[in-house]
Amino acid sequence: MTQRSIQMDEKIISRVDLLNICQDVIEKGNTLLTPGVADYSVVKDVSNLNLDASALPSKISYKSYVFPRTEPVLYYKRSKNDVQLIDVNIDSKKIVILGAKPCDANSLNIMKHLFNWDYSDEFFNMRAKNFIVIGLMCSHFDEYCFCTSVGSSPVSEKGSDIFLIPLDENNYAMKIITDKGKEFITPYSGYLKSGDENRSKRITENVKQPDVAFDSSEVYKWLGENFESPKWEGVGNLCLSCAQCAFVCPVCHCFDITDEDYSYTEGRRMKNWDGCQFGNFTLHASGHNPRDIQSKRYRQRVNHKFRYYVNKFGEILCTGCGRCSRGCPVSVDIKEIVSNCKNDQKELR
Amino acid sequence: MKIGVFICHCGENISSTVDCPRVADVCRTYTGVEYSVDYKYMCSDPGQNLIKDAIHKYNLDAIVVGSCSPHMHERTFRNAAVSAGINPFMVEIANLREHCSWVHDNIEAATRKAIELMRMAIEKVKRDKPLTKIKVPITKRVLVIGGGIAGIQAALDTANAGYEVVLVEKEPSIGGHMSQLSETFPTLDCSQCILTPRMVEVHQHPKIKLMTYSEVERVEGFIGNFKVTIKKKARHINEDKCSGCGMCITKCPIKKKAYNSFEEDLAFRPAVYVPFPQAIPNIPVIDETVCTYYKTGKCGMCVKVCDREAIDFGQKDTIHVADVGAIIVATGFKLYNIDKKSADSKYKGYGEYGYGKYRDVIDGLQFERIASASGPTSGEIKRPSDGRVPKKIAFIQCVGSRDDSKGISYCSKICCMYTAKQAMLYRHKVHDGEAYIFYMDIRAGGKMYEEFVRRAIEEDKVKYIRGRVSRIYEEDGKYIVKGEDTLAGMPVEIDADMVVLATAMIPQDGAESLARTIGIPYDKYGFFNEAHPKLRPVESTTAGVFLAGACQSPKDIPESVSMASAAASKAIILFANDTLEREPVVAKVNEDICAGCFYCMKVCPFGAVEVKDVKDINGIVYKEVAYINQGVCQGCGTCTATCLSKSIELAGFNNEEIFAEIAAL
Amino acid sequence: MDKQNWEPKIAAFVCNWCTYTGADLAGTSRLKYPANCKIIRVMCSGSIDPVFILKAFERGADGVLVSGCHPNDCHYNAGNFHARRRWDFFHELLDFIGIEKGRLQFSWISASEGKKFADVITKVTEDIKAMGPFTAYKKMNSEFTIDFPEEPSELPEPEFQENSDKETE
Amino acid sequence: MKYGYFPGCSLTSSAKEYDISLRKVIDKLGISFDEINDWSCCGATSAHVTNHKLSTALAMRNIMLAEQQGLDNIIAPCAACYNRLIISQNEIGKHTGIRKETEDLLSVKFKKDVKVFNILELFLKSGLNKIIENRKRELSELKAACYYGCLLVRPAAITKFDDAEEPESMEKIVEATGADTVDWNYKTECCGAAHSIARRDIVVDLSKKIIDDAITHGANVMVVACPMCHTNLDMRQRAMKRKYPDHKEFPVLYLTELIGLSLGMDEKELGIDLHYTNFKYADTLLNNSAKG
Amino acid sequence: MKELIKHARELLENGEVAAVIGYRQVSAKRTKPVIITDPEETSALVFNEYCLNNLAVYLTKARIKLLCKKNDKVLKLAITAKPCDVHSIVALIQENQIDRDTIHIISFNCHGVAKDFGFDFNGDNLASKCITCETHKPLYYDALFGEVKETPQASDTALARIKEIESMPHNERFEFFKSEFDKCIKCYACRAVCPLCYCQRCITDKTIPCWIETSSHQRGNFAWNVIRAFHLSGRCTGCGECDRACPADIPLSLINRKMSMEAKNLFSFVSGRSLETPTLVGSYNEKDNNELFM
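Residue numbers (the working numbering), protein chains in the order written: chain A, 925 to 1273; chain B, 63 to 727; chain C, 485 to 653; chain D, -14 to 277; chain E, 29 to 322.
The following block holds chain A by itself, in its conformation from the complex (with noise of 0.2 Å):
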């Protein structure tokens, strides 16, 4: 899956077009996505659709349309000396996300690693094949927020196929940033009209982005350090080890292989989610824990996206959304604690 950026002239287009391509989408039977507060959801009927470039991310990420929260590998059939195995057809269909957040849209190129380093993973691959993001332009950021600290911005058109631009109420400016975009775009052509990059320019350069609250490659460098500090302990304390963060993370991945019969004779082998902060991610069947305490899977969380996953794959493994920080039922906020991992004063909790 490679996204080779190609140079396009900025385009313009009126909301109520943009609509009517939607309405395309649906019409021809594919998927279109939209943000909401709590989740993407899908869109039926687009009179109402709204594209709020101020909104908060949505509670939780788009990631389960690619990487769903649960899915059948295979299916299965005992008879008395035999297994009979059936696989899965994945859908095919496309799948278009309109406005998603800058942070999100490049969740799927982060992740696109893990499930192609040793052997790629046909789920994840075929859909996000399918899978047309039109991002758009972020205005809005709360103390959450972190994206700029983690090499991205509100303006980032990382990871969208095609980007949206707010110019006023009626007209977005448009950049088809990958080859999915122009092939995505390209019936609708009819609908462009050509826009001035200046005026674009003006807008993104304007926009409000969050301080950087951290220098990764710091973070990076301390965490190299510091795998027995006793400062893992506060936040150990603390965190009350549900996977929320994992959950509505754009980018976390784990997930867990499990048979589940369901007639006396069948069953299906089903992939879900898995969070590394559960007690029993970890648990052995021996019975030994090698991350018994609360303190060691949050080190382990922090490590593996901010240094982990930069050792093997040259990436952090976060988008800076803030999701995990904003839906905390105990308010651990990841951007806090890494910030104030280096200093010696401040205590991680």
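It is worth saying that the hints were derived from the structure and are not from the lab. Just so it is clear, the structure is predicted and the values come from calculations on it, not from any experiment. Built from N, CA and C at the ideal position, the CB exists for glycine as well. Do not take every clue at face value.
Stated by the list, open to error - These stretches of chain B come out as covered by chain C in the derived footprint (C-beta under 8 Å, 3 or more residues): (1) 171 to 179; (2) 715 to 727.
As the list claims (entries may be wrong) - With a Cα cut of at most 30 Å, we get these calculated DSS-like pairs of lysine-lysine: (3) B:Lys664 - E:Lys93; (4) B:Lys195 - B:Lys114; (5) E:Lys93 - B:Lys674; (6) C:Lys622 - A:Lys968; (7) B:Lys475 - B:Lys232; (8) A:Lys1018 - E:Lys206; (9) E:Lys97 - B:Lys674; (10) B:Lys444 - B:Lys544; (11) E:Lys211 - A:Lys952; (12) B:Lys64 - A:Lys1001; (13) B:Lys419 - D:Lys128; (14) E:Lys101 - B:Lys677; (15) E:Lys234 - B:Lys195; (16) E:Lys315 - C:Lys600; (17) B:Lys408 - D:Lys157; (18) B:Lys540 - B:Lys318; (19) B:Lys313 - B:Lys366; (20) A:Lys983 - E:Lys57; (21) B:Lys540 - D:Lys128; (22) A:Lys1145 - A:Lys1270; (23) D:Lys157 - D:Lys9.
Model the placement of chains B, C, D and E on the given structure of chain A, informed by the hints.
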């Protein structure tokens, strides 16, 4: 796993509606089934041999028999399996007869159901685990709590069977209420005369260790293996030295500071006393609360007169521990204290009868003492207030008993009889006296009982009035008893000289706390619960704890004695083996995941759940978990369903097995 | 499956001491009742977990019966009392989330009530028949369920209908 | 807590002084209440011996009115009213059939449990301290025989507030006024009740016995909490005098009147002058000092 | 606030407690839990209308062991708790999770909290549990602070919702809950924030046999949410933390509330209100409702 399937035709009982060969054929297609066959009579010798041979020939690990109810032949097939070398708990029975062939007509439907029942049993047997019977060692010694007639009888019976007995009595002497009675119904023989020899027998029995003035403080352990802690209260008299001469009692200057509880407070006793002359053991007790020595540090008259130097003011309570295998509880009863002011807060008391206010309104036990030849009046019937001989006595039955509004609904059972007896005794002693008895019903079921009551009415001219008394009040030295004669439909008023109230029998003080100590259930009144009202009347629900006498419900003497003998024989039956074998269907806790909420402890009807400390490698306790005592658990499994984290499994019916059955539905 | 030929599948969780023995008595008395209900024997009604009922629904049961000893008759004294509280809650909960109360029924049947056992099974079967198949629960995961190619069936097709009237008498 | 006040028929007629004194005393003690609007017969006597349905419906109608008025508690000073209300309430609580029938008759649905109190419960609940605190004089010259009659504490299973055979709650209240109480035998005996009209002879005999017992036990006043009892014990003393010429007039007060006296109100204010027997607290003082 | 800080400081300085679990302000309308062991840090402690967390969730056996063992000595643990959080503490004591003697409860006169962080505190944004709250003063405490204030008035929308659901026919109800539960992503935040979900291993993690399908498909979600609600029936004290924690906005406390209503209705029991009343689960009454049984 290799499973053998055996389908029984039961003659034609099963095969007339279930196509047995087809069931066997289908079962053969199931994973794990190595051998499947149908046969005319599986339970017959050839049938059992068929099973045994198949086990050997096909090397089977488990078998499923489709036959009659497991309540019929589960044991038969398990035994067959055992003799062929399979664990008996690797046998499952599918009930194809009672639950299938006999209750359905349609052959197709019945056959399909039979197949499904077999499938469920096969799935279950796949998850079955071999279980072994639980063996528990037995300490062959019995603890009897309570030294009344029931306790005495139980102790003697067990001891005569050759087992050691520890008999604990909280009063200074054994004998209980029976020693207080004057004569007994229906024979009117003297109570003391028949009881005293038995008391002496207890005292002299080499197998009985008598601990009077002692109380059970703690009971740990389980059937066959109880550890009992007994507190022996200080008598302040050295039991080894005391000869029972009674000089200390005679010389004690404190004569009138304490009521004599044996005389039901109708007389005084000195600070050093034996409850009654025939007391066993005949060793006095010094009452610290009234003795001058304990108040002022002076006196010591008893010390001076005791030539055995047995007085020991410094004596302290001592703690004794006994290992016993069974416990017989015989704590008996007391009378409902009807005095309104001091009535048990559970009950309302009878303020309207003036007990406690009028000295001549007395209860049944007080009358026993007045009528007793060894009592405070030497057997003459006199009024406690002025010593006059009462010319008219009103007896009132069912005071407290059968009266919902005062808190007790049960019948105290003995009052009809003893009231008749008391009225009779009164008429025998005061020939011109009139006896009136207010009653609700006369319940005289028992050998010679009805005849006895008739005798009171016909020969001794006791006047029975059927009705309740609403109020008793004093007028000019007489007690006006206002009541109703329901047979005549008229209100009646009797100006009696004395009133005797047949008050309800309620459990002895401290019965409930003792029950909690031992871990046996009791009803809302405090009477101990039997394991089964019909079939296990002398056993408590706690294995190894038996009940005797009025602690279980109101009883007269012969009933108490027979119950005591029954309890003793239950203990003796238990002791007949060296170890106790129990079905291995018991619950077990997974200590790794138990969260220690102890809901299991709350729901366990048998008190089988204990707290266990789990220690780490250094011996430091790192958590508390539930532990189920296998000797006590009866295998109901209520804990398994209550356990939120599913940390308890019931062997033989574990969750995996049940889920497998559900999956095969 | 068309509703005409549909026969409900019913699971009965019963205690070993009262209801199971009551069912035995129904058998020895040769009482007749429909063949839809299969018994899962447990030691005491107190040991039946609500998850068992959900599992039964998952495995295609259209209805479930839970039965034990009458209050105060429990072989273990109090198991059924604890069960009663549990089921009161669970029943209300299921009702609230939209599972009709008739899908899960309860009874106390003593060892001497063979007739009652037959009557209860008949009633439960008729109730469930009237309610129809409990597809709402089974259908929940239909998107994750596939049909395997049909193998020759181990059993001939059911022939319930012809004689089903006779069965319930 | 606000009470709904249910006077009942007696307190607006033959026992007017009970009503007068109750209102005064309650006001003084700062207990607030609202009279139930449009109250009707409680269903006593004639209704409940002839028509069960009617008597229940009548009682429940009043409770329903209180409920609609937003009152959670009712005070029914007349013992018969109190009795009818709690018994009816108990019945509809116990029997869904009767509940439904009554609801249909009244075309309402009973929603909550309105609590019904008698006069003794009212004073016990609102606190005897209030009486003691507001006491203007100690009635120490009075030796009161507290007479409960039959309806106030019975049936015990339903009233559930005092011992039906040996009640003591009224004594506690009377003692709070500073008066003495006597221990006597007839506190729950029958006064003859509704026979007052048809069989005056019975009533005279029964009531006379009650008064005599009180006098024997040293009482100089009787305290009641039931209009019917008061009628028999007070009004019928003239008939007693006719039948028993040596009968001496004996004052019978309502509990509220006694409390009123201790709160400093005078006899006229409390309506004691409406009684057939004469009573003046000042006279008692005189009598006693004359004796002493 | 000063008194609270002074009190906490004294507790730590005098060595009476090993730690104080409390709230600290992070922004104007947001607080977060903090575990303080250093007396100097007590100045961060606050109590106000944004102290939403039910800190009783921190009272787990493991955490107490971790925090309270100081040089072979076991010290007390101080916790700041709203009156409603005290209910959870009571329930935990009754379920043998903590010992009353080892917990120092610092509580407050409470007039309600906001429904979530960032909202103005007023009748419109009152937390659902506060609308029907009857315990503005804690039932058990070792120290009590805060002035008594009036709780804003608000209408009980949750109750109305329950009534509305109850009025639906069964199939609609089933569909409603199915679609609600379908949103569940099985992050188990509801379990993590619930003070009464203290099991070391949850029933859903017991896989042999598999009690609840771990997949978050409709059936697995349905089973999980039903059993979660059932396990809390008669135990839930109504703190509403599950609602707040749920990233999918499933109305969890609605079901809890309904079950609490049933507990009150069927058994006149309210969880966590008294240390003396036996727990509902684990006790029984012979006169319990028997209508269910044929």
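Each hint, compared with the structure:
1. Given as covered by chain C, the stretch 171 to 179 of chain B passes the check, having 7 residues with a CB less than 8 Å from a CB of that chain where 3 are the minimum.
2. With a threshold of 8 Å between beta carbons, the proposed coverage of the stretch 715 to 727 of chain B by chain C holds, since 8 of its residues qualify and at least three are required.
3. Restraint check for B:Lys664 and E:Lys93: satisfied, since their Cα atoms lie roughly 25 Å apart, inside the 30 Å limit.
4. Taken as a hint, the B:Lys195 and B:Lys114 pair is honoured in the structure, with Cα atoms around 22 Å apart against an allowance of 30 Å.
5. Our distance criterion of 30 Å between C-alpha atoms is met by E:Lys93 and B:Lys674, whose separation comes to about 17 Å.
6. Straight-line distance between C-alpha atoms of C:Lys622 and A:Lys968 comes to about 27 Å, which keeps the hinted pair within the 30 Å bound.
7. Restraint check for B:Lys475 and B:Lys232: the C-alpha separation of about 26 Å stays at or below 30 Å, so the hint holds.
8. A threshold of 30 Å between alpha carbons decides the hint, and for A:Lys1018 with E:Lys206 the separation of about 27 Å falls inside it, so the pair holds.
9. Proximity of E:Lys97 to B:Lys674 is assessed by CA-CA distance (about 21 Å); at most 30 Å being required, the pair is judged to hold.
10. Of the supplied pair hints, the one linking B:Lys444 and B:Lys544 holds, its CA atoms being roughly 23 Å apart against a limit of 30 Å.
11. Restraint check for E:Lys211 and A:Lys952: satisfied, since their Cα atoms lie roughly 26 Å apart, inside the 30 Å limit.
12. Between B:Lys64 and A:Lys1001, the direct Cα distance comes to roughly 21 Å. Compliance with the 30 Å bound is thereby established for this hinted pair.
13. With a CA separation close to 21 Å, the supplied pair B:Lys419 and D:Lys128 stays within the 30 Å bound.
14. The hinted pair formed by E:Lys101 and B:Lys677 meets the criterion: a straight-line CA distance of about 18 Å does not exceed 30 Å.
15. A C-alpha spacing of about 28 Å is found between E:Lys234 and B:Lys195, which places the hinted pair at or below 30 Å, so the restraint holds.
16. Our distance criterion of 30 Å between C-alpha atoms is met by E:Lys315 and C:Lys600, whose separation comes to about 23 Å.
17. Under the criterion of a C-alpha separation no larger than 30 Å, the hint pairing B:Lys408 with D:Lys157 is consistent with the structure, at around 22 Å.
18. A distance of roughly 28 Å separates the Cα atoms of B:Lys540 and B:Lys318; the hinted pair therefore holds under the 30 Å criterion.
19. A threshold of 30 Å between alpha carbons decides the hint, and for B:Lys313 with B:Lys366 the separation of about 10 Å falls inside it, so the pair holds.
20. Taking the CA atoms of A:Lys983 and E:Lys57, the gap is about 19 Å. The hint holds against a cut of 30 Å.
21. Between the alpha carbons of B:Lys540 and D:Lys128 the distance comes to roughly 25 Å, so the proposed pair stays at or under 30 Å and holds.
22. For the suggested pair A:Lys1145 and A:Lys1270, the alpha carbons sit about 18 Å apart, so the restraint of at most 30 Å is met.
23. Distance check on the hinted pair: D:Lys157 and D:Lys9 sit about 21 Å apart at the alpha-carbon level, within 30 Å; holds.
The structure is consistent with each of the numbered hints, conforming to all of them.
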